[in-house]
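From first to last, the protein sequence lines are chains R and C.
Numbering-wise (this note's numbering), the first sequence opens with residue 1 and increments by one.
Numbering-wise (this note's numbering), the second sequence opens with residue 304 and increments by one.
These aren't lab readings, by the way, just hints derived from the structure by calculation.
Everything numeric in this text was worked out from a predicted model, so none of it was measured.
Do not rely on the hints blindly, as some may be mistaken.
Claimed, not checked - Label pairs and their in silico Cβ distance ranges:
1. R:ASN141 to C:GLY592: 50 to 60 Å
2. C:PRO439 to R:LEU290: 34 to 44 Å
3. R:ALA205 to C:ASN329: 53 to 63 Å
4. R:LEU9 to C:ARG391: 46 to 56 Å
5. R:PRO113 to C:GLN602: 21 to 31 Å
6. C:THR346 to R:ASN234: 27 to 37 Å
7. R:ALA205 to C:ILE361: 17 to 27 Å
8. R:ARG137 to C:THR462: 21 to 31 Å
9. C:GLN602 to R:PHE189: 53 to 63 Å
10. R:ASN141 to C:THR346: 47 to 57 Å
11. R:GLY281 to C:GLY377: 52 to 62 Å
12. C:GLY377 to R:LYS54: 14 to 24 Å
13. C:GLN350 to R:HIS169: 19 to 29 Å
14. C:ARG585 to R:GLU92: 47 to 57 Å
As the list claims (entries may be wrong) - Below, computed lysine-lysine pairings styled on DSBU-like, alpha-carbon distance capped at 35 Å:
15. R:LYS93 to R:LYS54
16. C:LYS489 to C:LYS539
17. C:LYS320 to R:LYS54
18. C:LYS457 to R:LYS139
19. R:LYS139 to R:LYS289
20. C:LYS320 to R:LYS51
21. R:LYS204 to R:LYS139
22. C:LYS349 to C:LYS534
23. R:LYS232 to C:LYS331
24. R:LYS139 to C:LYS618
25. C:LYS320 to C:LYS539
26. R:LYS139 to R:LYS51
27. R:LYS202 to R:LYS289
28. C:LYS534 to R:LYS139
29. R:LYS51 to R:LYS93
30. R:LYS202 to R:LYS183
31. C:LYS331 to C:LYS320
32. R:LYS202 to C:LYS349
33. R:LYS139 to C:LYS320
34. R:LYS139 to C:LYS349
35. R:LYS93 to R:LYS187
36. C:LYS457 to C:LYS534
37. R:LYS202 to R:LYS187
38. C:LYS618 to C:LYS457
39. R:LYS232 to C:LYS349
40. C:LYS457 to C:LYS621
No residue lacks a Cβ here, since even glycine has one placed at the ideal position from N, Cα and C.
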Amino acid sequence: MMQLTTDELRHLQERAYQIRRLSVEMIAYSQWGHIGGSFSMAELLAVLYFKDMKLDPEQPSLENRDRLILSKAHGSPALYAVLALRGFMPEEKIYQYCELGGLEGHTHIESAPGIEATGGPLGMGLSVAVGMAMGLRRKENPRSRVICILGDGECNEGNVWEAAMSAAHYHLDNLIAIVDYNKAMAKGFVWDLMGIEPFADKWKAFGWNVLEIDGHDLQEVARALYTARWVKANGSPVVIIAHTVKGKGIEQAEFNYKWHTHAPDPETADAMLREVARNYGYPEEGYSKLEKAVEKETFYGGE
Amino acid sequence: MAENKTNTEEFRDAFGKTLIELGKENPKIVFLDADLHTSTKATGFKQTFPDRFVQVGIAEQNLFGIAAGLAFEGFVPFPSTFAAFASRRALDQIAISICFPNINVKIPGSYCGVPTSRAGGSHNCIEDLAVMRALPNMKVADPGSNEDLRQIMKTAVATPGPVYFRVTRYAVPELFGPEHRFEWGKGVVLRPGSDVTLFGTGVMTHFCLEAAGILAEQAIQAEVVHLASVKPIDNKLIVESALRTGCAVTAENATIYGGLGDAVSQVLAEAHPVPVHRIGVRDQFVESGGIEELFALHQMTPQDIANAALQVIRKKAKSEQEAI
């Protein structure tokens, strides 16, 4: 069975922490963004970008790379953070988040190397991923995988199920969908606003292999990705339902849809970053732009 | 100009043939169908290149998303459906998955405007020109004849980025010979004149030529300008022609809200205001009916165009008198 070593675990844990840290930095500095849905993906992205995916920051268009599409494109801070950490762009560029000519609020292919598609309106990404997976087949590229991260609330969208149906129809086992099942949407809980259960059964009924994991357990994430990539490559696409906690790592944001779209003021950002560091056992590190940000302008929370 | 008065081949037939021609030239072309290929006339492509024909079922949002994915992987996808479903059902996917990243997807919209089947207002699409024209990065063309369509398709493949072009279920006499070449943002003067300009696009250009014939009987010299490239539009030719004639009629097989008429009016309003009358569907759905019956109902016949020309000529004369 695939198993991360102690060193790998420590390394990936540190990356997940950095993804959270940079996400808060960019959301606080730009005064716009989605903390909850960025934090719930931190471990998923850490394992994808530092263990699972074949990538080369020096050659972002390498033909035999793995492709990742963030269909829940509002999780952009976490994706930009991991791309910066992985060397696709200088870390300083994160402070261009939502700035003119900088990183788009929702992931956009022109924002940074390593972004594979443009998104924003929910429900679209899986179709694009299906098209890419078909394209790889046409090019007889058997090695590359297309990975698509969806939100749970996003699965209210009909387009997701059109894409799911077609991926199974075309036997796209080079396609791995990951649902960041963090249980909360923008204005409430999934079960309350528009329930998606029985969720695993839905995907099964659409012809997918289904893996269900704790999306914050690095060992489980790595094992699921390995299984999806190598074990379940049996003629059907694979979905990993990753049970996560929205805002995981900051008490006031955890499981709290009020932090879906909300930007902290500089002092709150500073406190949040210190809390995240304590929770994951790293030396306390506050908000790097605290003084500069306080001088910069008024804060509106960015909802 | 080679005029073939007996043409009975519909645009969609020419579309099917050209698709095969382009498919032979460019192995990257992939045709995506949403359960309509016998209506859109892509059956020949399917038979010729079965492995480059992708059926996605009745799922237009997925159709355009898949097209985006294939374009990202270097293919030249033609996601095909009725214009109504492209511009209504899948607009968000076209806007954000295709136009925003500015990728290489060529969208043929079938069953445009008035001349379709008897399917009615749900299927007869009048807003596609307006909707597609409003999307950044999108180029929009409405061919005036089969050779025009063929050249538009060739140019579309040779032009990087998203393109929307219309494939109307209708036959008109051929406007062009094989030497014809289509260019983005370039109109064509099909008939020179000095009294009024008739700006046409799509099948309405042929009606403009017929209207010019009607006007000639009354000793009125109408200039007929074909603007297949609705976006970008030929600002220069529009202004030059209006300077010559001093008034204009626009004619499109679509709603007058946001399409060719508005595009021409915008150019003229900013550069050289002259009296303009727009011919097209006026804020109504095109319900079931016979084709010629519907053209008459929506006041889009050659006679309607000629009447509109007389009207703008009178307005021009009146404003010239007032100026004196």
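So, going through the hints one by one against the coordinates:
| no. | hint | result |
| --- | --- | --- |
| 1 | R:ASN141 to C:GLY592: 50 to 60 Å | holds, 51 Å |
| 2 | C:PRO439 to R:LEU290: 34 to 44 Å | holds, 38 Å |
| 3 | R:ALA205 to C:ASN329: 53 to 63 Å | violated, 39 Å |
| 4 | R:LEU9 to C:ARG391: 46 to 56 Å | holds, 50 Å |
| 5 | R:PRO113 to C:GLN602: 21 to 31 Å | violated, 54 Å |
| 6 | C:THR346 to R:ASN234: 27 to 37 Å | holds, 34 Å |
| 7 | R:ALA205 to C:ILE361: 17 to 27 Å | holds, 19 Å |
| 8 | R:ARG137 to C:THR462: 21 to 31 Å | holds, 27 Å |
| 9 | C:GLN602 to R:PHE189: 53 to 63 Å | holds, 55 Å |
| 10 | R:ASN141 to C:THR346: 47 to 57 Å | violated, 30 Å |
| 11 | R:GLY281 to C:GLY377: 52 to 62 Å | violated, 45 Å |
| 12 | C:GLY377 to R:LYS54: 14 to 24 Å | holds, 19 Å |
| 13 | C:GLN350 to R:HIS169: 19 to 29 Å | holds, 21 Å |
| 14 | C:ARG585 to R:GLU92: 47 to 57 Å | holds, 56 Å |
| 15 | R:LYS93 to R:LYS54 | holds, 23 Å |
| 16 | C:LYS489 to C:LYS539 | holds, 9 Å |
| 17 | C:LYS320 to R:LYS54 | violated, 42 Å |
| 18 | C:LYS457 to R:LYS139 | holds, 24 Å |
| 19 | R:LYS139 to R:LYS289 | violated, 46 Å |
| 20 | C:LYS320 to R:LYS51 | violated, 49 Å |
| 21 | R:LYS204 to R:LYS139 | holds, 28 Å |
| 22 | C:LYS349 to C:LYS534 | holds, 30 Å |
| 23 | R:LYS232 to C:LYS331 | holds, 30 Å |
| 24 | R:LYS139 to C:LYS618 | violated, 61 Å |
| 25 | C:LYS320 to C:LYS539 | holds, 33 Å |
| 26 | R:LYS139 to R:LYS51 | holds, 25 Å |
| 27 | R:LYS202 to R:LYS289 | violated, 45 Å |
| 28 | C:LYS534 to R:LYS139 | holds, 34 Å |
| 29 | R:LYS51 to R:LYS93 | holds, 24 Å |
| 30 | R:LYS202 to R:LYS183 | holds, 17 Å |
| 31 | C:LYS331 to C:LYS320 | holds, 17 Å |
| 32 | R:LYS202 to C:LYS349 | holds, 33 Å |
| 33 | R:LYS139 to C:LYS320 | holds, 26 Å |
| 34 | R:LYS139 to C:LYS349 | holds, 19 Å |
| 35 | R:LYS93 to R:LYS187 | holds, 31 Å |
| 36 | C:LYS457 to C:LYS534 | holds, 17 Å |
| 37 | R:LYS202 to R:LYS187 | holds, 24 Å |
| 38 | C:LYS618 to C:LYS457 | violated, 41 Å |
| 39 | R:LYS232 to C:LYS349 | holds, 32 Å |
| 40 | C:LYS457 to C:LYS621 | violated, 45 Å |
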